[in-house]
Amino acid sequence: MAAANEKAQSIINAAELETQKALEDAKSHLSREAEEVIRNAQAEAEAIRRRQISEVKHKMKLREQQDKNRILSDVLEETRKRFFEIASQEDKYQPFLVELIAHGVDALRLDTAVVHLCARDLNNLDIGRLHREVAKKLKQQVTIEWSKDPIDTHGGALIASTDGKTRIVNTLDQRFEALEPKLLIEAGKTLFGD
Amino acid sequence: MSGIETVRVIVEAEREAAKILEDAENKASEIRKRLESLIEERRSQLLQSARKEAAGILKNAESEGEVEAERHASRSRERLHQLNRQAASRRAAAVEKLLSIVTES
Chain A
0 MAAANEKAQS IINAAELETQ KALEDAKSHL SREAEEVIRN AQAEAEAIRR RQISEVKHKM
60 KLREQQDKNR ILSDVLEETR KRFFEIASQE DKYQPFLVEL IAHGVDALRL DTAVVHLCAR
120 DLNNLDIGRL HREVAKKLKQ QVTIEWSKDP IDTHGGALIA STDGKTRIVN TLDQRFEALE
180 PKLLIEAGKT LFGD
Chain B
0 MSGIETVRVI VEAEREAAKI LEDAENKASE IRKRLESLIE ERRSQLLQSA RKEAAGILKN
60 AESEGEVEAE RHASRSRERL HQLNRQAASR RAAAVEKLLS IVTES
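Residue numbers (numbering that gives the first Met the number 0), protein chains in the order written: chain A, 0 to 193; chain B, 0 to 104.
Source of the hints: derived by calculation from the structure; they are not laboratory data. Some hints could be false.
[Said to hold, decoys possible] Derived DSS-like pairs: lysine-lysine, alpha-carbon spacing no greater than 27 Å straight-line:
{"id": "1", "chain 1": "A", "residue 1": "Lys147", "chain 2": "A", "residue 2": "Lys164"}
{"id": "2", "chain 1": "A", "residue 1": "Lys80", "chain 2": "B", "residue 2": "Lys96"}
{"id": "3", "chain 1": "A", "residue 1": "Lys20", "chain 2": "B", "residue 2": "Lys26"}
{"id": "4", "chain 1": "B", "residue 1": "Lys51", "chain 2": "A", "residue 2": "Lys26"}
{"id": "5", "chain 1": "B", "residue 1": "Lys58", "chain 2": "A", "residue 2": "Lys56"}
{"id": "6", "chain 1": "B", "residue 1": "Lys32", "chain 2": "A", "residue 2": "Lys6"}
[To be verified] Covered stretches of chain B, as calculated for chain A (at least 3 residues, CB under 8 Å):
{"id": "7", "region": "23-34"}
{"id": "8", "region": "38-47"}
{"id": "9", "region": "69-83"}
{"id": "10", "region": "90-102"}
Everything numeric in this text was worked out from a predicted model, so none of it was measured. All residues carry an ideal CB built from backbone N, CA and C; glycine is no exception.
Using the sequences and the hints, build the whole thing.
Structure (structure tokens):
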């Protein structure tokens, strides 16, 4: 009987030992599972923080760009207005117009060039004087004809061949438009440069 | 004690011993069965605690992120004001520079 009791106790002890070991193994595995949950949460937390900051950075960058664009547009518009106003200041405009016409005539490289002006210039300017001043500036001998048909522009001139097939557009509008990319770069440097 | 009596005592003792062993086996079996529920119980406790901690981490991250984002936004707003002030003070010079570019021959 004593042997039976001893054997019985040994069976129970073995079961308890086995259970204890299995529980310890399980605890270790479960701890890893729990740590994984925490690690995932930490990674997600980092992603949340990064996303929130990134959204703000993006939003503010966009706002900065919008502000810069608005300022650049305003400055460009003011410059355009002031540039077109030059046409009403004879002392500044006439020498400038002479340059524009002479440059266009030289660039055309023809014996005869037809110069077109806007209605205001045709009415207000002394074409004879303008002709003489342009002639003085030319690098080559060219016959200049002055068209009586006005062109639609804020100022400057359109210089064409007699058949009108070749044209150099040196109007204020065209000049401003052609220089716009350069003006934007220069304005950006002046306004926002260090 | 007669021979028959002796045999009866032995048989009885063997039966009792067998019963003891059977009980022990049953008890061992119960102990093993309890293991599964113990593990499940422990798992549930650990995961519940981990999930609670994870929820806290995420909540903190949200509020810390908001604070950090606001700090960044505030710095950016200040930089933007500075940018606008600088541009306003340089506006006239910029227009003059652009005019000189378009009027230069």
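To see whether the hints hold, each was checked on the structure:
no.	hint	verdict
1	Lys147(A) / Lys164(A)	holds, 18 Å
2	Lys80(A) / Lys96(B)	holds, 14 Å
3	Lys20(A) / Lys26(B)	holds, 18 Å
4	Lys51(B) / Lys26(A)	holds, 19 Å
5	Lys58(B) / Lys56(A)	holds, 22 Å
6	Lys32(B) / Lys6(A)	holds, 21 Å
7	23-34	holds (count 9)
8	38-47	holds (count 5)
9	69-83	holds (count 9)
10	90-102	holds (count 10)
Violation of the numbered hints given earlier is absent; every hint is satisfied by the structure.
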